[in-house]
Amino acid sequence: MAPGGEKKKVVLVVGGSGYLGLHVVEALACAPCDYTLAYTYNSHPAPADLVEKLPNVLAFRLNLRSGEGMEEISKSLDTPDVVINCAAISVPRACEQDPEAAMAINVPTVLVQWLNSLDVAQPPFLIHLSTDQVYEGVKSFYKETDETNPVNTYGETKVAAESFIQSSYSNYAILRSSIIVGPQPFVPLPKTLPLQWIDGVLSSGEGADFFDDEYRCPVFVKDVVQVIKLLMEKSFAGTNTPMHLVLNVGGPDRLSRAAMAETVAHVRGYDEALVRKVSSHTAVNRGLVNPPDISMDVSKVVAELNFKLIDFAAVVAMTLNSK
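First residue of the sequence shown: 0, per numbering that gives the first Met the number 0; consecutive thereafter.
One or more hints might be untrue.
[As the list claims (entries may be wrong)] Straight-line distance between alpha carbons at most 27 Å, and here's what the computed DSSO-like set of lysine-lysine pairs gives:
id: 1; residue 1: Lys-233; residue 2: Lys-307
id: 2; residue 1: Lys-138; residue 2: Lys-299
id: 3; residue 1: Lys-190; residue 2: Lys-276
id: 4; residue 1: Lys-233; residue 2: Lys-6
I should point out that these hints are in silico values taken from the structure, not numbers from a laboratory.
Construct all of the structure, not just a fragment, from the sequences and the given hints.
So, in structure tokens, the structure goes:
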């Protein structure tokens with residue numbers, strides 16, 4: 000029990016062994032807050048380093064497709080107050096290759112059914128990660144109220160997830176994230192991250208082709224974590240009034256992929272001529288359709304949570320200059 004005899008808060012991070020999930024788990028485990036923290040994993044086993052570094056964080060294996068593992072969570076964990084769903088097949092090409100698996104995992108049917116089955120006065124607050132790829136990409140600075148009309152399977156699965164949550168659940172925040180950039184988590188993952196890949200290509204002196212006609216609002220991973228933490232605080236301090244939020248979570252800059260690379264070159268002191276600007280129409284089969292411009296208006300999340308997003312050049316400097 001928490002001081003004063005109140006039930007200790009419980010926070011569950013679903014998909015806690017992925018890139019964003021690890022950053023979230025680390026930030027919440029290190030925060031000066033009195034709550035029980037747990038996370039789930041499936042395709043990535045619970046990293047030994049994570050277990051060793053955060054011995055007080057509970058880990059559960061969970062298959063979101065079949066629901067295997069949910070019973071163990073129910074037995075071992077008190078009813079969660081907040082559930083943060085970072086689990087997804089988030090590589091668009093992988094979604095095109097196996098749309099059935101993408102739909103089964105990206106639409107959190109099992110999770111929402113479990114949350115609805117809990118015998119509580121108010122269902123746990125669900126923070127669900129969505130994507131900017133729910134938008135069609137035919138204009139700049141999409142607002143949350145704009146129509147969702149995805150052009151690829153990944154976007155379709157995320158729209159289906161949003162629709163399912165909004166129609167089947169009563170206490171949620173849906174975060175439409177852009178490309179998430181930043182450092183490796185404290186337990187590094189065996190994959191190349193966007194800024195680190197650009198840095199590697201430019202530092203080699205060979206350069207590369209970058210599209211100058213696909214626009215995004217890349218967002219710092221620590222800003223996404225901050226949004227999640229502020230929403231948690233809002234929920235903990237609430238008056239038992241359910242939330243129904245949809246928020247664009249992008250960075251403050253609308254940038255083409257070429258402009259992202261030019262920013263890396265500028266910050267790191269590389270020759271900007273190494274960034275060869277090309278049209279996405281010149282690309283050989285990429286395996287899926289990519290929306291041209293899914294930049295987002297992020298004024299709502301800034302106003303709702305009263306915080307400042309970090310600009311892309313500063314993110315590059317913090318991520319790469321500290322290596």
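Hint by hint, here is what the structure shows:
1. Lys-233 <-> Lys-307: Holds: Lys-233 and Lys-307 sit about 17 Å apart, inside 27 Å.
2. Lys-138 <-> Lys-299: Distance ~18 Å between Lys-138 and Lys-299 Cα, so the pair holds.
3. Lys-190 <-> Lys-276: 25 Å, holds
4. Lys-233 <-> Lys-6: 18 Å, holds
Every hint from the earlier list agrees with this structure, and none is contradicted.
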